[in-house]
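Residue numbers (our numbering), protein chains in the order written: chain Y, 4 to 313; chain G, 4 to 313.
Quick caveat, the hints were computed from the structure, so don't treat them as lab data. Everything numeric in this text was worked out from a predicted model, so none of it was measured. Check the hints yourself; a few may be wrong.
[To be verified] With a straight-line cut-off of 27 Å between C-alpha atoms, the simulated DSS-like cross-links for lysine-lysine are:
#1 Y:241 to G:112
#2 Y:248 to G:87
#3 Y:100 to G:112
Protein chains: 2
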Amino acid sequence: MPFEITVLGSSSALPSYNKFPSAHVINIHERFFLTDCGEGTQIKLRQYKIKVSKINHVFISHLHGDHFFGIFGLISSFNLLGRKNDLHIFSPGDLEKIIYTVIKKNDLKFQLFFHRLNTDTKETVYESKRIKISCFPLNHRIETYGFLFEEKQKEKNIKKELIQKYKLSIKNILAIKTGNDFITKEGICIKNSDLTLPEEKPRSYAYCSDTMYFTQIIQHIKNVDLLYHEATFTEKLKETATITKHSTASDAAKIALQANVGSLLIGHFSSRYKNDTPLYDEAKKIFKNTLIAQDGLIIKIPVQEIKENL
Amino acid sequence: MPFEITVLGSSSALPSYNKFPSAHVINIHERFFLTDCGEGTQIKLRQYKIKVSKINHVFISHLHGDHFFGIFGLISSFNLLGRKNDLHIFSPGDLEKIIYTVIKKNDLKFQLFFHRLNTDTKETVYESKRIKISCFPLNHRIETYGFLFEEKQKEKNIKKELIQKYKLSIKNILAIKTGNDFITKEGICIKNSDLTLPEEKPRSYAYCSDTMYFTQIIQHIKNVDLLYHEATFTEKLKETATITKHSTASDAAKIALQANVGSLLIGHFSSRYKNDTPLYDEAKKIFKNTLIAQDGLIIKIPVQEIKENL
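When you get a sec, could you build the whole thing from the sequences and use the hints?
Right under this line is the structure:
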């Protein structure tokens, strides 16, 4: 079951032909979640051959143009392609009013559902049997949210041959699945880890764009496998970062370090940087597992077993 | 002095990575006029190294998304780049309301001027000493306009040595400049064409997207050097063309033929055509000087002398 992030656009406010504005698509178990939708997102989705019909949820971090100007074209093309499925759009502010001013509601052959984000803490915005998505506030010039994509812990699977061997009842099985050991008739304790198959570690990804250095997010993104954190400037432009409420590469790396994430993905570099190296080097000094967001980059988060069970 | 058209986007409603939605930029004497502004126009302008600061006029043919969804990003980037110059936007419908719902008016550091097109005949929308731009109605599902870009006829230039020779007064000069012959004191008639330098033929370009086959436009685009006319379908899909009020490649070629244009540029092909050849072949059978619009294509209209003067 995939857990895979595709960077559709990695630029900051001024895009170029090689760097489109912000948009990531996250494939979790063949459900596709779009975070941010900068101008040209529909073009990138087509270029990277992502099945747009599988996108039913769009998460917009904030209403600066480079994070949502692609939503109009995306919706229009969905409509032209005969989409029937509902589309759920999560964002702060009144994106519903904006969209229905640009696109006539009556022209749409599918339904849009708007979910207005408005919270000062972490909040679940989507939940299915195996996936949970939350939002949490970032610190930017306008109301902005980060998103956390998490696999839920799967139920434990009991080794089939042991069901027979110990003649486990349904009651026993349910107890073992929730982590209990099993006591045989003879009074022998069989450890839960001996009864069950190795567990898969739930995978997770956090998307944080745009924000200044903001330690309050650390609690929400602790231990994620992959953290995307904006890094608009290097430390040389710390003052500009502070004024515009953006982060430096160092800021992003410090957050990654404190949150103990697996890998850090940085992007949203100011267009003044013709070369990513200074940003990469700056982050890497603080946090070794740093990656650079580039349009078309795909990061697959592999399944890992929980060590206690090995 | 250039008269040059750059195709920024040539797709119909569904863009791809190689074909962005409709947008052309016309460089007339180093003034840049943008016609239509599909999603990604700002990216193409940057890719083709067009000085965006020289664009002060944007002409939107109609309010279907593939012809204007790039205006938001363009305006935002102008703002970010510190633009001070006014920007004039010509379009049917209430684009002002749409733009100011998407972008906060107070955030803009330059002024937008909206010119609402609303005419059932040809109307001049821009005029300078050397350039004239008109709009005229097309026939599409919603209110749509074509645009005609014309150089004005330059004043005649008198051969310098003859001013001396015939001792021409200012009154004589003005009369010759307007086309009169000159009668010497001896009563000899010197023809105007012998007194003046060869004249340059004013160049012209017409942009017609989107429209069904509509012969009423012929009067407005008669004899233009270059006609861009949409050709969404081939004749095999004539019925679809009629229903959607688009043109076939044959329709475009018939208009070109009747209007006696120099060259015909066709584009806005339906995304179902993976290969342009059937559309090209169909048009070429009717109108030989047919060209295919492709993103990045530049057409320079050369200066030609008016033959009577040769």
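Violations among the numbered hints, reported as their numbers in ascending order
none
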